[in-house]
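Using the hints, build the complex out of the two chains.
Chains A and B are the protein sequences, given in the same order.
To convert, note that position 147 of the first sequence is 147 in the working numbering; the numbers rise steadily by one, no gaps.
To convert, note that position 109 of the second sequence is 109 in the working numbering; the numbers rise steadily by one, no gaps.
Hints listed in this document are in silico derivations from the structure and should not be mistaken for laboratory results.
Beta carbons: idealized from backbone N, C-alpha and C, even for Gly.
Keep in mind that a hint or two might mislead.
Using 25 Å as the maximum straight-line C-alpha spacing, the simulated DSS-like pairs for lysine-lysine come out as follows [stated by the list, open to error]: (1) A:LYS9 x A:LYS56; (2) B:LYS54 x A:LYS163; (3) B:LYS54 x A:LYS29; (4) A:LYS140 x B:LYS54; (5) B:LYS287 x A:LYS140.
So, partial list: chain B residues that the calculated Cβ filter (under 8 Å) puts toward chain A [claimed, not checked]: (6) ILE11; (7) GLY18; (8) GLY39; (9) PRO44; (10) CYS194; (11) GLY200; (12) VAL241.
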Amino acid sequence: MSDTIKTFKTSDLSPEFREEIFEEPGAEKITLCFNCTGCSSGCPMAEQEPEFNIRKFLRMANLGMKDELLNSPYLWYCTTCYKCQERCPQGVKNVDTLLKIRTIAVHNGIMLPAHKKVGQLVFNFGHAVPINDDTKEKRKALGLDEVPPTVHSFPDALDEVKKILHIAGFDEIVAEEEEKK
Amino acid sequence: MSKLSFFLGCIAPNRYPGIEISTKKVMEKLDVELEDLEGASCCPAPGVFKSFDKTTWLSMASRNITLSEEMGDDLLTICNGCFGSLVDANLMLKKDAALKEDVNKILFEIGHEFKGTQDVRHIIEYLYQEVGVEKIKKAVTTPIDLKVAVHYGCHLVKPTRERHLGSAENPTFFDELVEATGATSVDYEDKMACCGAGGGARTAVLDTTLHMVSNKLDHVIAAGVDCIVDACPFCHLQLDVGQTEIKKKFGKEYGVPVLHYSQLLGLAMGFTPEELGIDLNFVDNSKFIERIRGGAK
Ligand code: SF4
Ligand code: SF4
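Just chain B, with the same shape it has in the complex (with noise of 0.2 Å):
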């Protein structure tokens, strides 16, 4: 059995908590243990922080990373913006000596120290690489018929240099693990565009942003999908909370249902939608559930 510290970030457990719960729920059935990594704070989050101050984001980063060290697990979120932001630090401390040595400076003050021993992963990328698709294929019960909007999102992608995950412009990793509950990843326009929540984006503009994704879900709903799955939490919130907004600000309504992958898995499962937190988006997901009760699976 492979284990890893569990980092939740604000997000997930803040405000979906649904989230939070699919991914343990999950990664048991594919015998990796989770250990929660207590006393973890904000990643922090890299657009407003690596914006401010870069000492300020490194030392906070670092802290986190180093909970994970001193329990001798790699660290495991499952939010693009904390992966952004994790492995970002975590590979700049290692290759450059003289920058550990001025983080360790200030983590000395608070009894830690970073040494560099242990690796940052995002849930979609390690369950791609360590675990694999055909073990997922096997672990699913209940095939779920679904037609699915895959959101990447971006940093789980960019920049590549630092994600060896393949092509940024067309990857197909997410699509091949959504195919393997048994739903149909649908291809639509602009794909990869950005959902328009990162860099502090939507705390400057958010009517801005709002246009952004609005643009995204027209697409979505061009393409016929039963629902959107994504990767990150923030992403989610955008895609979620912000059609309430879009709602309220500019009288559109999508209705599209928000999934995070894990809680795709889940319902793959045999999980209910109750269990992975579905009925708590912030859009109402009822006669999605409905649905999927119904035999979409």
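Isolated chain A, as found in the complex (with noise of 0.2 Å):
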């Protein structure tokens, strides 16, 4: 825990980036939110990392401290277990407006390395975990065919994936900075 007391001035709060939250459904009710911490103490993550609290991620976000919320790397801890959702007895809608928040990070270029190898994995290969060779003998041995009858067996429907992966920008997105322009 940090000892710090750190001072915001009102001028570094962005009513934009509330306003872009605001734009998932329900993302609103945060405002409802009393602080009445049952959200982060029955949080599992939280058990394990302290410093990841969705109370008050909901609270910076409800302020507009973007750049606080964006940068910070408890964004990507939580695992969308629900259990703060379902207790919140305002219906703040925690986790759904945390993934907003993740969403606004990633379309401003910030994403961490192994979230966007799953992304390429899913769109070179249609599946966040393709097949191995390992799992083509353990699926020989079961009387399985070797590769399952997903994308993997059919080359056409891997290419609807990628074309609507495309259509949706998702390609730019998962990118190597190199790869993109």
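The structure is reproduced here in structure tokens:
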């Protein structure tokens, strides 16, 4: 825990960021939060990493603390277990709102390299976890086709997936810096 | 005979094919016809994709659903992550006409159209709600005498508003299905706790998520069970591969066998552990398999 008190000027806050978050249906409910800590106190990730605090994150979002939120490494810690959202007495959409903040981060070019890799796997193979030799052996031993009847077996289907990912601009999002442009 | 299209996802076919074959075997015995959903892709993985870009998530998920619509069947998933992704996308598109129009513009480019005619089902809730515990009990030929730690996982029950499966804090439907095989569902501390894998967290902060699953394994061991039974290949991977990672990184060895419900039910229907791929986990299950042969059933 940090023992220094940071001060923020209101001019550092971004009302536009708050508005952007509110594009997600239900995200505006963070304004109803009365700080009861029901969400953060039950969070299994906070139990492991106290710096990750969903309640504090949503408070920061409501204030428009864009830079702090988007650049926080803890933005990527939530497992989306939905325990917090289930518990909130005010109907705050804790997880859906957090995912919207992540989306804004990604569209600002902030993404973990490991997540980018998963995105690339989906773009290239249509699977986040593609087949490997070890599993091919296991499939054979069980009497299944070596390669499953998914996009892995149907090149046309993989082309369809690539096409929609391209239309949605996803290939740009997960491209390495030098490949962009 | 009911018929469903079988959506495989990524982790079952590409890491734990035992779950795929077990599902086919048990559903056949229960008179549910499964037809492979050919050409399906990643659901896509909700944690990572919902985080990245909603349009991408929706268009990929809806493509998978339209494949099922084109077959005229409801879609069956065996994974909580796929269920979370597909059931939410399906409901969202059925409810929101404008969103549906946007997504259909993208799908049009690849010759599909989302119509909203089919439902997305998860094997556990389908077995409970459509097949029923009684019918499953009747299909059991070799009751299994095992003590089981049931792991529901998160996205099977949450968010509840969109699941209609009763209490998320204290559900019982999965335990009832487990007990239908002759096994005993043993209560353990913090039973509904998350395995840690979801939301892209396993990819982002593996070690922290391993501490989370390690807590779960401690509680399971303390309850003195023979195995864990789950409903999701991704939880399965975190619980099984996670044990090998915990051993390597933190030097702690658990050796807990992890089964998907389809594999437990398969045992109770008389299939051998090898036919169900129970020997193909990353944790060595040989002692457990010996035990089953020696009369746990
Ligand atoms: S549970 Fe809801 S009201 Fe309570 S602190 Fe969390 S977001 Fe705010
Ligand atoms: S969904 Fe995320 S923030 Fe909420 S309780 Fe689970 S890990 Fe914590």
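(request) Would you settle whether the hint for ILE11 of chain B is holds or violated, based on the nearest Cβ-Cβ distance to chain A being less than 8 Å? (result) holds, 5 Å
(message) Checking one constraint from the list: CA of LYS54 of chain B to CA of LYS163 of chain A, max 25 Å. Satisfied?
(response) Since the Cα atoms of LYS54 of chain B and LYS163 of chain A sit roughly 16 Å apart, the hinted pair holds (cutoff 25 Å).
(message) Does GLY18 of chain B hold up as a contact with chain A if the rule is Cβ-Cβ below 8 Å?
(response) Cβ of GLY18 of chain B sits 7 Å from chain A, so the hint holds.
(message) Please check whether PRO44 of chain B passes as an interface residue: C-beta within 8 Å of a C-beta belonging to chain A.
(response) Holds. Min distance 6 Å.
(message) Please verify whether LYS9 of chain A and LYS56 of chain A have alpha carbons no more than 25 Å apart.
(response) holds, 18 Å
(message) Quick check on the hint: CYS194 of chain B CB to chain A CB, less than 8 Å?
(response) holds, 4 Å
(request) Starting from LYS140 of chain A, check that the Cα of LYS54 of chain B is at most 25 Å away, please. (result) violated, 37 Å
(message) Just to be careful: measuring from the Cβ of VAL241 of chain B to every Cβ in chain A, is the smallest value less than 8 Å?
(response) violated, 11 Å
(request) Let me know if the C-beta of GLY39 of chain B comes in closer than 8 Å to any C-beta of chain A, holds or violated. (result) Holds. Min distance 3 Å.
(message) Does the closest beta carbon of chain A sit nearer than 8 Å to the beta carbon of GLY200 of chain B?
(response) holds, 6 Å
(request) Would you check the hint for LYS287 of chain B and LYS140 of chain A, treating anything up to 25 Å between C-alpha atoms as holding? (result) Distance of about 24 Å is within 25 Å: holds.
(message) Between the alpha carbons of LYS54 of chain B and LYS29 of chain A, is the straight-line distance 25 Å or under?
(response) Given pair LYS54 of chain B, LYS29 of chain A holds - Cα atoms ~20 Å apart, limit 25 Å.
Violated hints, listed in ascending order, are 4, 12; each of the other numbered hints is respected by the structure.
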